[in-house]
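One line per chain: the protein sequences are A and B, in this order.
Here the first sequence is numbered in UniProt numbering, starting from 1 and rising by one per residue.
Here the second sequence is numbered in UniProt numbering, starting from 1 and rising by one per residue.
Be aware that a few hints might be false.
Computed Cβ-Cβ distance ranges for the label pairs, DEER-style [unchecked claim]:
1) Leu101/B <-> Gln76/A: 53 to 59 Å
2) Glu338/B <-> Gly224/A: 34 to 40 Å
3) Ala358/B <-> Ala31/A: 46 to 52 Å
4) Pro194/B <-> Gly224/A: 30 to 36 Å
5) Trp78/A <-> His301/B: 26 to 32 Å
6) Ala366/B <-> Pro138/A: 54 to 60 Å
7) Trp78/A <-> Glu338/B: 44 to 50 Å
8) Leu369/B <-> Pro130/A: 48 to 54 Å
9) Lys256/A <-> Ala363/B: 57 to 63 Å
In silico BS3-like pairs for lysine-lysine, Cα to Cα no more than 25 Å straight-line [as the list claims (entries may be wrong)]:
10) Lys273/A <-> Lys322/B
11) Lys121/B <-> Lys237/A
12) Lys193/B <-> Lys231/B
13) Lys237/A <-> Lys231/B
14) Lys190/A <-> Lys264/B
15) Lys222/A <-> Lys322/B
16) Lys135/B <-> Lys193/B
17) Lys153/B <-> Lys118/B
18) Lys322/B <-> Lys226/A
19) Lys237/A <-> Lys190/A
20) Lys237/A <-> Lys212/A
21) Lys58/B <-> Lys222/A
22) Lys87/A <-> Lys175/A
23) Lys380/B <-> Lys322/B
24) Lys367/B <-> Lys382/B
25) Lys121/B <-> Lys231/B
26) Lys287/A <-> Lys256/A
27) Lys118/B <-> Lys193/B
28) Lys237/A <-> Lys256/A
29) Lys256/A <-> Lys277/A
30) Lys87/A <-> Lys190/A
31) Lys226/A <-> Lys315/B
Think of the hints as simulated: they come from the structure by calculation, not from any bench.
Model, not experiment: these values are computed from the prediction.
Each residue gets a CB set at the ideal place from its N, CA and C atoms; glycine is no exception.
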Amino acid sequence: MTSRRNFLKGTLAGGAAAAAVSVSVSGPACARDNNPQPEGALGLLYDATLCVGCKACVAACKEVNGNPAEFSTPEQLWDTPLDTTAKTFNVIKMFRSGTMETKDDPDNGYAFMKTSCLHCNDPSCVSACPVSAMTKDPVTGIVGYDADACIGCRYCVAACPFGIPKYDYSSATGKIGKCELCRHRLPEGKYAACAEVCPTGATLYGKVSDLKAEAERRLSLKPGTKTVFQRGQLGGKDQSYENVVGHYVQHVYGEKEVGGTQVIKLSAVPFEKVGHKPLPERSASSKSETLQHTLYGGLVMPLAVLGVMTYFAKRNVKPDDDEL
Amino acid sequence: MQEQKLQSLEIHEHVIEAAKRLEMGRREFLQFCTAMAATLGLPAGAEAAVAEAVAVKKRPSVIWLHFQECTGCTESMLRAEHPTIEKLILDVISLDYHETLFAAAGHQIEAAKQAAMKANKGQYLLVVEGAIPTKDGGIYCKVGGKTAIDIVKECATDAAAIIAIGSCASWGGMPSTDPNPTGAVGVNKIIDKPVVTIPGCPPNPYNFLSTVVHFLTFGQLPPVDELGRPKFAYSRLVHENCERRAHFDAGRFAMEFGDEGHRKGYCLYKLGCKGPETYANCPTILFGDAGAGTWPVACGHPCIGCTEQGVGFQKPIHQTAKVMTYAPPASFPRIVEEQGKGASLGAAAVLAAVAGAAAGAGAMVAKNLGLSHAAEEAEKAKQSSEQKPAEKV
Chain A
1 MTSRRNFLKG
11 TLAGGAAAAA
21 VSVSVSGPAC
31 ARDNNPQPEG
41 ALGLLYDATL
51 CVGCKACVAA
61 CKEVNGNPAE
71 FSTPEQLWDT
81 PLDTTAKTFN
91 VIKMFRSGTM
101 ETKDDPDNGY
111 AFMKTSCLHC
121 NDPSCVSACP
131 VSAMTKDPVT
141 GIVGYDADAC
151 IGCRYCVAAC
161 PFGIPKYDYS
171 SATGKIGKCE
181 LCRHRLPEGK
191 YAACAEVCPT
201 GATLYGKVSD
211 LKAEAERRLS
221 LKPGTKTVFQ
231 RGQLGGKDQS
241 YENVVGHYVQ
251 HVYGEKEVGG
261 TQVIKLSAVP
271 FEKVGHKPLP
281 ERSASSKSET
291 LQHTLYGGLV
301 MPLAVLGVMT
311 YFAKRNVKPD
321 DDEL
Chain B
1 MQEQKLQSLE
11 IHEHVIEAAK
21 RLEMGRREFL
31 QFCTAMAATL
41 GLPAGAEAAV
51 AEAVAVKKRP
61 SVIWLHFQEC
71 TGCTESMLRA
81 EHPTIEKLIL
91 DVISLDYHET
101 LFAAAGHQIE
111 AAKQAAMKAN
121 KGQYLLVVEG
131 AIPTKDGGIY
141 CKVGGKTAID
151 IVKECATDAA
161 AIIAIGSCAS
171 WGGMPSTDPN
181 PTGAVGVNKI
191 IDKPVVTIPG
201 CPPNPYNFLS
211 TVVHFLTFGQ
221 LPPVDELGRP
231 KFAYSRLVHE
241 NCERRAHFDA
251 GRFAMEFGDE
261 GHRKGYCLYK
271 LGCKGPETYA
281 NCPTILFGDA
291 GAGTWPVACG
301 HPCIGCTEQG
311 VGFQKPIHQT
321 AKVMTYAPPA
331 SFPRIVEEQG
341 KGASLGAAAV
351 LAAVAGAAAG
361 AGAMVAKNLG
371 LSHAAEEAEK
381 AKQSSEQKPA
391 EKV
């Protein structure tokens, strides 16, 4: 039976739903932009043309983070991780092509590439984390992780466009492992261990603004000429030395990708070939947050859904009284 | 058995005689021969052949020429101790011409050279020490009125084999450093015959001696690489066998001379060590014969790459080396590493069987549940029908 009262109730719920839809449609007009980089953002400049593949950074990373060796060979002698894992935050990977004769040659050459957290300006992992276990430091911009807050949902693992956060499935309690730019060493006056041990300055630590200027300087130099390269920390103790300018691809990876990252990279082999696919300049989190915050702003969408559900529920309910 | 063969040689009259000649104990002599065979990387049993060759065979005539050099190679040879090299140079080989070691001088020594070349035509070993100047007709180095070019060409014509000792003779060395005012080059740029090069500044005397002993034992020079360097000595980078290599791999570097890392024996790469781009056996047989654990890197100084053309005397000593270790590369994960495997056929079959059994069991349980419920209902209906008539009654 359809009473007038029920009809009016249904109309009211439908109206609420329609209002919610209209709000959500007008939402994207006030979409949020990519989060800007903090003023004093710290990061790394990885120059693949300088990398000699010594893996000192991999060893140092394991040491300062207290991570065990991981094996991918049957004999289990050396630390041979194939990718970043919950216990390997930094890996040097190799691009191989044809006869692998010359370094940094896309054809018949080889090249190294560092794989570790890029510390995005607008990180998806932080955006996806429901409990703020992943955080972006407002001063240094370091994307940190708090195991105590983590509920193990692994949204960050799925959200990261670079596949960096990894879940430790071997642990009973479980936790995420990723590079935190040695933030635990900063209070001691130390900096990222990978940059500290790098013998050629292929991994250079410093303020992102300085690193960007250095990257631009390198790109502007003539390949094959010699120039002075810094090692360790840019603006720190002088460990500079002379080396040959690489045949760079004219692109600073991480300058604009997903709203920019604090770890930027230079390479002589096209970035697509060394596992760094082109990514949009707009961060995924700005898109998803715009959508989600519009839908859930003022509980509009839940109310609308509730209204619609109520309407259909009311419409389909046959009061027991009618049967009698 | 090989050991027995060598032991039986100990009482061999030739060995006794050779040991006496070299002023060594018999056992010491055999140890020397074994060490030579080991340096050459020869298989077990070869030490007996070496011992026999050194003891019995006719000493090869050696003509040793000096050009643009510092005589460091000769000096280093003279300071070898196991056994004293002058004994070997005079007794294992027949040194017929050597400007530093000869008492004779002037026309007398030139005549001796001519005589030796004539007497051992096609059989003598020619050893060249020092680079050869080519600019302005080669006038920057003359001995007895002849230019170095002419002397080398003359002596090389009838030589059985030619050995270039030291970096200068091998590829030009120090005299060829920019701007190279004399146009200094190595021996192999002057003559067409194959030249065995023993680069180093100075080279380890045992690398030279092993080459000579190889020639003595087998009648030919040891296998060489494309630069003419004996493979037994120059096929590996200094970096590969370096005692400080573990520190390189772990990222522990001496940052400056005398700092904590330097005192702890850390890697010298950041101080400009050229080990990663220099082919030589210094880490294994050490440098010269200066004593245990003694070679530049062990002493705390970076390798200067003295054996390597384009590195030694060319690159600044503290300039960082180009690491050659990973060419061709090995043991790195690929950019995209396939991890994990799909289910194998057996595993899939077992899983399917388990799932099938579970589904079947579930279906049967569900069916029986329905049956029992129906039975219960029937039971209830029966009871109630039994009770109702009773009530009526």
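Against the structure, the hints:
For the hinted restraint 53 to 59 Å between Leu101/B and Gln76/A, the CB-CB distance of approximately 57 Å keeps it satisfied. Between Glu338/B and Gly224/A the C-beta distance comes to about 37 Å, which sits within the given range of 34 to 40 Å. Remark: the range hint 46 to 52 Å for Ala358/B to Ala31/A is upheld by a beta-carbon distance near 50 Å. At about 34 Å, the CB distance of Pro194/B to Gly224/A agrees with the hint of 30 to 36 Å.
The hinted range of 26 to 32 Å is satisfied by Trp78/A and His301/B, whose Cβ atoms lie roughly 29 Å apart. The given range of 54 to 60 Å is respected by Ala366/B and Pro138/A, whose C-beta atoms sit roughly 59 Å from each other. The hint said 44 to 50 Å for the Cβ distance between Trp78/A and Glu338/B, and at roughly 20 Å that hint is violated. Remark: the range hint 48 to 54 Å for Leu369/B to Pro130/A is contradicted by a beta-carbon distance near 41 Å.
Distance hint check for Lys256/A and Ala363/B: the Cβ-Cβ separation is about 58 Å, which falls inside the suggested range of 57 to 63 Å. About 24 Å separates the Cα atoms of Lys273/A and Lys322/B, which keeps this hinted pair within 25 Å; it holds. Of the supplied pair hints, the one linking Lys121/B and Lys237/A is violated, its CA atoms being roughly 65 Å apart against a limit of 25 Å. Taking the CA atoms of Lys193/B and Lys231/B, the gap is about 19 Å. The hint holds against a cut of 25 Å.
Restraint check: the Cα-Cα separation between Lys237/A and Lys231/B comes to about 43 Å, which exceeds 25 Å; the hinted pair is violated. Restraint check: the Cα-Cα separation between Lys190/A and Lys264/B comes to about 21 Å, which is no more than 25 Å; the hinted pair holds. Proposed proximity of Lys222/A and Lys322/B is supported: the alpha carbons are some 19 Å apart, at most 25 Å. Annotation: proposed proximity of Lys135/B to Lys193/B holds, straight-line Cα distance about 22 Å (limit 25 Å).
For the given pair, Lys153/B sits about 15 Å from Lys118/B by alpha-carbon distance, which is consistent with the 25 Å threshold. This hinted pair checks out: Lys322/B and Lys226/A have alpha carbons roughly 14 Å apart, not beyond 25 Å. With a C-alpha separation of about 12 Å, the suggested pair Lys237/A and Lys190/A falls inside the 25 Å cut-off, and the hint holds. Proposed proximity of Lys237/A and Lys212/A is supported: the alpha carbons are some 19 Å apart, at most 25 Å.
For the hint linking Lys58/B to Lys222/A, the alpha-carbon distance of about 61 Å lies beyond 25 Å, and the restraint is violated. The hinted pair formed by Lys87/A and Lys175/A meets the criterion: a straight-line CA distance of about 10 Å does not exceed 25 Å. Taking the CA atoms of Lys380/B and Lys322/B, the gap is about 93 Å. The hint is violated against a cut of 25 Å. For the hint linking Lys367/B to Lys382/B, the alpha-carbon distance of about 22 Å falls within 25 Å, and the restraint holds.
Restraint check for Lys121/B and Lys231/B: the C-alpha separation of about 28 Å exceeds 25 Å, so the hint is violated. About 16 Å separates the Cα atoms of Lys287/A and Lys256/A, which keeps this hinted pair within 25 Å; it holds. Taking the CA atoms of Lys118/B and Lys193/B, the gap is about 19 Å. The hint holds against a cut of 25 Å. Between Lys237/A and Lys256/A the CA atoms are separated by roughly 30 Å; this puts the pair beyond 25 Å, and the hint is violated.
A hinted pair counts as satisfied when its Cα atoms are at most 25 Å apart, and Lys256/A with Lys277/A qualifies at roughly 13 Å. A distance of roughly 22 Å separates the Cα atoms of Lys87/A and Lys190/A; the hinted pair therefore holds under the 25 Å criterion. For the proposed pair Lys226/A and Lys315/B, the alpha carbon gap of about 13 Å is at most 25 Å, so the pair holds.
Going through the hint list in order, the structure does not satisfy hints 7, 8, 11, 13, 21, 23, 25 and 28.
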